[in-house]
Structure formats: structure tokens, C-alpha cells
Amino acid sequence: MSFSPLIQDLIDAFRVLPGVGPKTAQRMAFHLLERDRQGANTLSAALTLAADKVGHCACCRTLSENELCEICADNRRDETQICVLESPVDMLAIEQTGGFNGGYFVLMGHLSPIDGVGPDDLGLDQLFKRLESGTVKEMILATNPTVEGEATAHFIAEQIKHLDIRVTRIAHGVPVGGELEYVDGGTLAHAMAGRRAMN
Amino acid sequence: MSYQVEAQAAYVLHTRPYRETSLLVDLFTLEQGKVSVVVKGARSPRSRMRAMMQPFTPLQINLRGRHELKTLLQAEAVAAPVFLKGDALICGLYVNELLERLLQPADPHPHLYVFYQYVLNELLAATDIELALRTFEQKLLQQLGFQFDVQACQPEAIYRYEPSRGFISVRQLSDALKPLCFSGDQLIGIVAEEYHRPEIRRAAKRLMRLALETQLGNRPLRSRELLQGYRPKG
Numbered sequence: 001m002s003f004s005p006l007i008q009d010l011i012d013a014f015r016v017l018p019g020v021g022p023k024t025a026q027r028m029a030f031h032l033l034e035r036d037r038q039g040a041n042t043l044s045a046a047l048t049l050a051a052d053k054v055g056h057c058a059c060c061r062t063l064s065e066n067e068l069c070e071i072c073a074d075n076r077r078d079e080t081q082i083c084v085l086e087s088p089v090d091m092l093a094i095e096q097t098g099g100f101n102g103g104y105f106v107l108m109g110h111l112s113p114i115d116g117v118g119p120d121d122l123g124l125d126q127l128f129k130r131l132e133s134g135t136v137k138e139m140i141l142a143t144n145p146t147v148e149g150e151a152t153a154h155f156i157a158e159q160i161k162h163l164d165i166r167v168t169r170i171a172h173g174v175p176v177g178g179e180l181e182y183v184d185g186g187t188l189a190h191a192m193a194g195r196r197a198m199n
Numbered sequence: 001m002s003y004q005v006e007a008q009a010a011y012v013l014h015t016r017p018y019r020e021t022s023l024l025v026d027l028f029t030l031e032q033g034k035v036s037v038v039v040k041g042a043r044s045p046r047s048r049m050r051a052m053m054q055p056f057t058p059l060q061i062n063l064r065g066r067h068e069l070k071t072l073l074q075a076e077a078v079a080a081p082v083f084l085k086g087d088a089l090i091c092g093l094y095v096n097e098l099l100e101r102l103l104q105p106a107d108p109h110p111h112l113y114v115f116y117q118y119v120l121n122e123l124l125a126a127t128d129i130e131l132a133l134r135t136f137e138q139k140l141l142q143q144l145g146f147q148f149d150v151q152a153c154q155p156e157a158i159y160r161y162e163p164s165r166g167f168i169s170v171r172q173l174s175d176a177l178k179p180l181c182f183s184g185d186q187l188i189g190i191v192a193e194e195y196h197r198p199e200i201r202r203a204a205k206r207l208m209r210l211a212l213e214t215q216l217g218n219r220p221l222r223s224r225e226l227l228q229g230y231r232p233k234g
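If you read the sequences in order, they're chains L and P. Read the first sequence against full-length UniProt numbering and you will find it ends at 199, with the numbers running on by one and no gaps. Read the second sequence against full-length UniProt numbering and you will find it ends at 234, with the numbers running on by one and no gaps.
Hint data in this document are derived by calculation from the structure and do not stem from the laboratory. Please note: incorrect hints may appear among the correct ones.
What the hints assert, rightly or not - When the alpha-carbon atoms are kept at most 27 Å apart in a straight line, the in silico BS3-like pairs for lysine-lysine are as follows: (1) L:Lys23 with P:Lys40; (2) P:Lys205 with P:Lys178; (3) L:Lys137 with P:Lys85; (4) P:Lys205 with P:Lys85; (5) P:Lys178 with L:Lys161; (6) P:Lys139 with P:Lys40; (7) L:Lys129 with P:Lys85.
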């Protein structure tokens, strides 16, 4: 049995979501149509609005419906520090720690030559312009501790060598509450190499 | 019939996300050459595979599968990962990009595997990266069945490099031809790997680039752009 075209379209539309296969898509579609028409309307209105209005912050490139995102627009933030990240979710993670009060720059990815992702795709000219304006005193490179993330961090640091900006890289280490025995060799080697004096 | 490989030495060349929590990984293995595998659950937060499926980590792996895309059953790091830093890291990505682009799936190159280990060690030591890269490029071309034939070359003569025909003697050197031309002395030096001579190094860089370009077709290597530094477009 095949569904009528409108239902089939709805099922196919749900499949764009990550982790949603044909069966889940079908369940979602029928739930909305059978039990929750109100929810379906709210969902569709929210989707349309978000897809139309959400763009990138002109300053840090994170997702935002305003010209400047909330953090960039906030004048209580410390403009002399800037934290460079791979994705908006990373920004959320750092914000939740509450330990950082500077600005951000979101690359929306990392350099990956084999996938064809180069400096132009990460908005680096925008980052360099912001650094060249002179307000930033420290740049914290918080790209992921993967080979590509490391390469991205190195590449950015290399390009701004001529500027008088302190460039730092987030530390690698053992997770809080972890046991050394179960930590993978790579992390442990990094943690040993990046050890700190206690006296 | 199921096909299984056990305790194979391998390095990760490249990974990309697959489905919700898995990875598609291209491996360079000692006995099978380049192999693509699915690593199930590698992207879930608690996966032990996550840290291992990084380039430049020497692994020992078990695989299964009948088709071109295999399933990774097990992987173990046999030594500490090679932590490349700075330009050596970008050069490592360049070497991986070369292998990713030029090796055919399931075409074994055990000699090249050894040279790959050599180049990684040299990149780690970072004493003479250029020498290591030139040596590796020449070995790679040789393994792909691409020899530089310089037997007929005279040291004083000038030769033009023609990818399909080899080295052709040139009488009159014009400016347009210059980037394609080498002296016989340079060519003999390159094949003999006399990289301690600076002019041989420069010529080797040029020759390898020309030879690799023909193999790569018209899609340039992206990692090379990274080494040349950033120049905004427009």
C-alpha cells in the first residue's frame, strides 16, 4: 500500500533529519496527523520562520536571527579575548561553563584538504579583519583536538604571526573524575607533555 | 563466503561521518593497500575508537567484509600516535592527501607502507622535512609504475619533461618552456637522490610537482594551498 501524495511528501520531508529513517519518519508523520494537528501547525510555523530568518552573526559567524548575536551585542563582554571554535554547539558548551567572558568566532568546520574544505570556507578573512582592528589581545584556539582541528589551529596562528596578539591553544588532558588506567594513550601522552609545575 | 583479515598493520588516511554515530574511514594497510571501512559507533561519546581513528596513529586492525567497503571489527594502537606539529602536520596531511588521491582501492603497496612510516618519522623529527617529502614523492611515483628514465640523458644537455613520453632533448630554450625544462645533470641528480645539493632539491620539487600533477588530473591538491599560506580571493 502506498500513502497519498501529501502524506508521502511529509514522510519524505522528515527524513532530512539526522537519525530518522523511513520507519521513524512514518511514525512522526502519523503522530502529527492523527493526534496533534496543533503541534503540527506550530512546528511548521516555527520551521518556516527559523529557516527564513536565522542567518549568521556578522561578527562571530554563529547562528543568529539578528545582525549581531546576543554575545557580540553584549557590551559587558571582554573584547580583548576571542575564542575560536568549530561549531555553534561548542560555543554553547563553553558558555555553560561560565568561565569565559570574551568574544567568540565560529569557523563552522575545520580545514580538511581531502574533503576540499579550505581557508575560504571558514570565513578566515573575516576573523583576520577582526584581529587586525587591534582590540583583540588574546586569541584562544579551541578547535577540536583532532588532527584536522590541530592543523586548523596551527594554520590560523601562522597567519597572524605579524600581529601583536597572544595566541593560546586549549589544553588536552584527563577528564574530571576519570581514572588514568582507562584514558586512551593519545590523551595521556598529551597530558604528560602538557604537565604543569606545582611549586 | 565471508572474508576476514586479522592483525593487519594500518594507518588512518581520512575519516568522514557516516550515519548518526559511525565513521567511514580510509585506511592505508600494509598488505591490502588502501581499504575503506565502516567503524560502527565510533562517533558516540564513549567510543574508544574515537581517539584511535585519527591519522598518523599506527594501528593493528581486524576487518571483515566481501565488498569494497569493509567493516572494522577491532583496532588497537600498537604505538603512541605520531604527534605532528606546525608545518610538519600540514605536510603530513599533504602526504595523506597524495595517498588518498593516487592509490587505487585494494591495490597492495607494502614497500610504500614502509616509506610512509619513514616519512612520518622524518616529519616528527622535523630536521629535514623537504628531503623526506621529495624522497617519498619519488618512491610513490615509482610504486605507481612511474619511473624517471634518465639513462640516455647527457649532463650538459637540456631536456623538456613530457608526462607521456619522458624527457625530450631541447635545442632552443625559450622563457615559455623554462618551467618544463631540466638539465641532464639535474635529472641524473634527482634519480640518484643527491638532495644535499640545493639546485637538485629545487629541480626535484619542480619535477615531482609536474609528474604528480599529471597523475592527479586537474583537481589541485588542497593541502598545498595551506602550505603556501593564506591569500584571500578577490
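Self-check item: Hints breached by this structure
Solution: 5, 6
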